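Undergrad: Here's the letter readout for the chains.
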Amino acid sequence: MDKYRCTVCGYIYDPALGDPTASIAAGTPFDKLPATWVCPECGAPKEMFEKV
Amino acid sequence: MRPVEIKKGIYWVGAVDWDIRTFHGNTYSTKRGTTYNSYLIIDDKVTLVDGVLASFAGEQIERIREIVPVEKIDYIIVNHIEPDHSGALPGLMKLCPKAKLFGTAKSKEGLSRMYGTDWGLQVVKTGEKLNIGKRNLTFIEAPMIHWPDSMFTYCAEEELLLPNDAFGQHYATSERFDDGTDQCALMDEAGKYYANILWPLGGMIARKIDEILKMNISIKMIAPSHGIIWRRDPMKIINSYISWTKNETKPKAVVIFETMWGSTEMMARKITEGLTDGGVEVKLFDITRSDRTEVNNQMLDARCFVFGSSTHDNGMLSTLAGFLEFLNGLKPKGRIGAAFGSCGWAGGAIPAIEQVLKEAGIELALPSISVKYVPDQDELKKCYEMGVELAKKITGKA
Ligand SMILES: [Fe+2]
Ligand SMILES: [Fe+2]
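Just so you know, the sequences run in chain order A and B. The numbering of the first sequence is our numbering, which starts it at 9 and goes up by one. The numbering of the second sequence is our numbering, which starts it at 3 and goes up by one.
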């Protein structure tokens with residue numbers, strides 16, 4: 009599964025880890041994240057991520 | 003200086019820092035000083051919005067006291083936790099321990115890290131309202147404008163936006179309003195602030211401005227946390243921000259170089275002459291002797307960046323290399339670039355500069371020019387022609 013980098017702050021979304029701060033389970037691919045999900049570090053929206 | 007009433011019952015209780023010459027470390031040269039703006043709203047609940055740097059705590063408290071005893075503060079709105087706005091907070095909280103703080107979740111987290119306590123800050127989200135009596139404050143989270151914790155506060159009854167660092171300027175003045183100050187200096191500082199602090203965050207800013215304009219709220223005054231308050235024409239600064247987020251440029255080039263024995267400098271001057279004769283505005287900077295904050299400011303509306311360096315240790319010189327770190331993540335759309343330099347034997351500066359341009363997404367407009375030791379007349383002519391050709395590309399005539 010692809011990792012995605014936040015173009016604003018550099019945070020990397022790793023599907024293997026999910027995002028516990030937003031109750032996103034490990035194993036959730038980036039495209040399955042809800043549209044309202046934002047970068048847990050800086051609050052940037054999903055559209056501002058790019059594939060690593 | 004007495005507190006300044008910016009609206010009936012709303013007072014500026016900040017501080018003017020006339021002497022500061024470098025801001026947060028050595029990253030920003032503040033030649034015109036700065037101000038830390040703090041606003042006191044007198045209502046059923048006495049509310050303070052934004053704070054000052056720790057060393058100005060006394061001034062802030064003195065100004066508050068001219069209006070109301072400090073203990074009477076009920077609410078403190080923490081729009082942003084950076085020390086220039088939160089530094090005086092620990093001292094203030096000792097004087098009004100019952101004051102209730104409001105801020106974002108990131109603000110709560112950050113304050114705990116910075117001061118070992120968040121003073122029980124209540125987390126607020128975009129759209130949440132706080133009634134303070136006759137007035138209501140609406141919170142608008144503004145992450146990465148310019149920190150994750152950043153937030154704007156809006157007061158509909160006063161048509162007043164308190165956006166903290168956004169729309170601010172490092173500009174110390176005895177005047178508090180845009181209509182009382184030198185417009186050129188004001189816009190120069192506003193642009194410099196955007197170029198040096200907000201440029202890489204343009205995407206977030208464009209979205210936020212769009213969101214605010216769609217909220218259809220009336221904004222008659224914008225009171226930022228630094229510099230002058232916008233009341234004559236608040237849309238002027240909003241429109242400037244929109245233009246900067248769109249990376250709108252003018253026919254202008256910035257030539258930036260670092261030289262060892264003057265060869266790269268000779269080239270830089272010839273390229274600058276070519277650009278000038280080609281009819282575009284040019285700025286030339288020897289990066290080792292220039293104010294980086296000002297160079298970034300000049301790059302903001304320039305369509306073309308030209309970088310030159312002598313080769314040293316198989317790469318570019320270190321002052322230029324350090325400066326070019328700035329381009330990292332900037333993704334300055336719609337710009338063109340060019341590279342030049344001199345070397346004694348195997349050149350390495352030019353490929354290094356080309357790599358930086360490539361990573362920044364800046365199109366190389368012309369083949370780079372490299373010379374050995376000292377440029378001869380033909381090579382200087384080539385540099386001049388590079389300038390002329392770049393000017394054509396900049397003005398769209400090529
Ligand atoms: Fe800040
Ligand atoms: Fe600030």
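No lab work stands behind these hints, which were simulated from the structure alone. Keep in mind it's a predicted model, so treat the numbers as computed, not measured. Check each hint, because a few of them may be wrong.
Okay, derived cross-link-like pairs now, DSSO-like style, lysine-lysine, Cα gap no bigger than 30 Å in a straight line [claimed, not checked]:
id, chain 1, residue 1, chain 2, residue 2
1, B, Lys252, B, Lys127
2, B, Lys96, A, Lys11
3, B, Lys285, A, Lys54
4, B, Lys374, A, Lys54
5, A, Lys11, B, Lys248
6, B, Lys335, A, Lys11
7, A, Lys40, B, Lys374
8, B, Lys216, B, Lys248
9, B, Lys131, A, Lys11
10, B, Lys333, A, Lys40
11, A, Lys59, B, Lys248
12, A, Lys54, A, Lys40
13, A, Lys54, B, Lys395
14, B, Lys74, A, Lys40
15, B, Lys47, A, Lys59
16, B, Lys74, B, Lys248
17, B, Lys74, A, Lys54
18, B, Lys131, A, Lys59
19, A, Lys59, B, Lys285
20, B, Lys238, A, Lys11
21, B, Lys285, B, Lys216
22, A, Lys11, B, Lys285
23, B, Lys395, B, Lys374
24, A, Lys59, B, Lys74
25, A, Lys59, B, Lys335
26, B, Lys216, B, Lys100
27, A, Lys11, B, Lys110
28, B, Lys333, A, Lys54
Undergrad: Against the structure shown, which of the earlier numbered hints fail to hold, in ascending order?
TA: 1, 2, 3, 4, 7, 9, 13, 14, 15, 16, 17, 18, 19, 20, 21, 22, 24 and 26
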